[in-house]
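**Student:** The primary structure of each chain is shown beneath.
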Amino acid sequence: MMSKTGYRYKDVLLALSTADKHGQQLGRLQLQKFVYLADTLSLLWELASPKSYETYKQGPYDPNVQNAADVLAFRGAVNIVESNLDDGGNILSTKYQISKIGSQILANILEEEVIARKYELYQTIGRHINQRGWYKLKELVYSEATYLTMKAQGWGSPLETDSLLTNDSLQILLGFNFLLKDKSATLSKTNLVAIFFQVLDNYQSAKTIQERGGNVS
Amino acid sequence: MFRKSPQINAAISAVCRDAATKVVLELPELEHDLVSPCLERVHDFLRNNQRDLGAMECIFKLDFSGADIAQEDLTVSSLCQNLGTGANIIIIDENLKIKGLDSIPSTALSELSPYSKSQACCIIHVFSGVEMVIYANGLIKSELNALHLYRGPVTHKKTARHGNDYILSILEHYQNRIRYPGISSDHWGNRRNRILRNSPKKTEKIFHDNLWNWLEENLDYAVVSGNVGKVTGDETDIEISIHGEPRFYIIEVKWLGTNGHSEHSEPRLRDGITQVKEYLERDPAASEACLVAYDGRDIEKFEALGCCNYETGQWKEIRTCQNAELPPRGKGFVFYLESQSASEKRI
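Chains as they are written, first to last, in our numbering: chain A, 1 to 217; chain B, 218 to 564.
So here's chain A without its partners, still in its complex pose:
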């Protein structure tokens, strides 16, 4: 059975490749958040995701994603484009970009149907992030329902996105199927992702209104 870090190698390559197609390099926390969004929507693509994200002070965090990025950088599959350290040698900010070697590895593993499907998921999410601006990744993830639910329970709470029982976003999205005229039909996964991002946008707007002193129904 693949280790959780091993599983995340592919996620990191898929995330960085998708970002690269939009001319983006991802910071450490952006990478965490992009992979988290993919985990959240994985079930729509009939993909499993490891239960390794937890609430953390700067959003959902999975140490395996960071480990995978570090290992891939060490092996030359990922370029560290910039890295700022403080006086104590601690990393302040880092930008990752997929390297040529990483792209070759990805091209090889994309022959696996499951990985190709996962790449489609990342690209669909990437398009929506790109429409809104990559700087908004933090706000988008901070508006995601599962994270909001578990954040209320404090840091270190598990974010179990692999089950309909614990994935609040999927519960909300699948609720839209009940609005279809044809009760035997279901919304396509791309339409559900579009609605997912609309819910995130609207949550942010509602929160902004409330922060400015307004009320929301």
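Since the hints were derived computationally from the structure, they do not count as laboratory data.
Treat the hints with care, as some may be off.
Quick list of simulated restraints, FRET-style, between CB atoms [to be verified]:
#, chain 1, residue 1, chain 2, residue 2, range
1, B, G303, A, E112, 37 to 43 Å
2, A, G88, B, D290, 46 to 52 Å
3, B, D382, A, R132, 33 to 39 Å
A short list of chain A residues far from chain B (calculated; beta carbon distances all over 12 Å) [as the list claims (entries may be wrong)]:
#, residue
4, R75
5, Q97
6, N108
From the three backbone atoms N, C-alpha and C, an ideal C-beta is built for every residue, glycine too.
Based on the hints, put chain B in the right spot on chain A.
**Tutor:** Frame of chain A, contents of chain B only:
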């Protein structure tokens, strides 16, 4: 559950009210990612060209199929040129490229709805240059004004209700918009003689649109679909679907009294009850069907109606009328229309 927080509730309800989402819910084979930007581009086109377009009327049919057809950009001049050929339907893609032309005999509601339904497509009826009515699969999904687009979640309204509480919302609609004549509803043609208006919309459509618009604005967690009224005999007036629940409600709108051309009384209510029964038999999945009748007759006739529940001089909940009986999942309300304003009535 956190998702019952006010912000998440507002976020879901706002998505339910979004025009593109409503189109996709009616025509799930369409891609939201194409419908949404296309609607925005049409808004922008109308807004940016409002002075040149004047009171232009036309219909845009959205067609995202990848057919390789010679295309031209949608501009004011290309639009005018194409309309000048006698066509009134401009077929456009998501990038506002003109893919073709079509025409229907008139832009009346009774033509637009069947066209949208028979083609299983989304059309935008534009009139007065900036007014837009969006149809999907025969149903009106949204009415927008290109100059005053509403975006983002609604702010708190004291009249907001969960979709399942649609009956309460219908009662509040009566209290807030219909009971007294005024700016919220202009249904009287001649108040003094209690004659209802019948133009420019038909009398039933006046009440239908007003109620639909109210429910659309006030029901949370719901998608409210408005029909074009009496296009065909078996189509419901208003349908309410609930987010996350296998429920939907049907509303049938009627009016009683006279509009100068026709006159309706108890037999109309009986017909409404029969229709409600038919809807529920035809569609076992419907949770409830509700007959909503607005009574423009004299107060004596209204008071003479048999009922199971009432608010004196305002509304009555009925179960039967002229031997017709509502089924268990059927509801019926008759609302009395005041012809005096609230201040006149106090005097």
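**Student:** Does N108 of chain A really sit off the interface, with its C-beta more than 12 Å from all C-beta atoms of chain B?
**Tutor:** Fine: 30 Å to the nearest Cβ keeps N108 of chain A off the interface.
**Student:** Per the hint of 33 to 39 Å, is the separation of the Cβ atoms of D382 of chain B and R132 of chain A within bounds?
**Tutor:** At roughly 34 Å between Cβ atoms, R132 of chain A and D382 of chain B fall inside 33 to 39 Å, so the hint holds.
**Student:** According to the definition I'm using, a residue is off the interface if its beta carbon is farther than 12 Å from all beta carbons of the partner; does R75 of chain A meet that for chain B?
**Tutor:** holds (36 Å)
**Student:** Given the range 46 to 52 Å, decide if the beta-carbon distance of G88 of chain A to D290 of chain B lies inside it.
**Tutor:** At roughly 59 Å between Cβ atoms, D290 of chain B and G88 of chain A fall outside 46 to 52 Å, so the hint is violated.
**Student:** Please verify that the nearest CB of chain B lies beyond 12 Å from Q97 of chain A's CB.
**Tutor:** holds (27 Å)
**Student:** Is 37 to 43 Å a correct range for the gap between the Cβ atoms of G303 of chain B and E112 of chain A?
**Tutor:** Check failed, 56 Å falls outside 37 to 43 Å.
When the structure is compared with the earlier hints, violations turn up for hints 1 and 2 and for no others.
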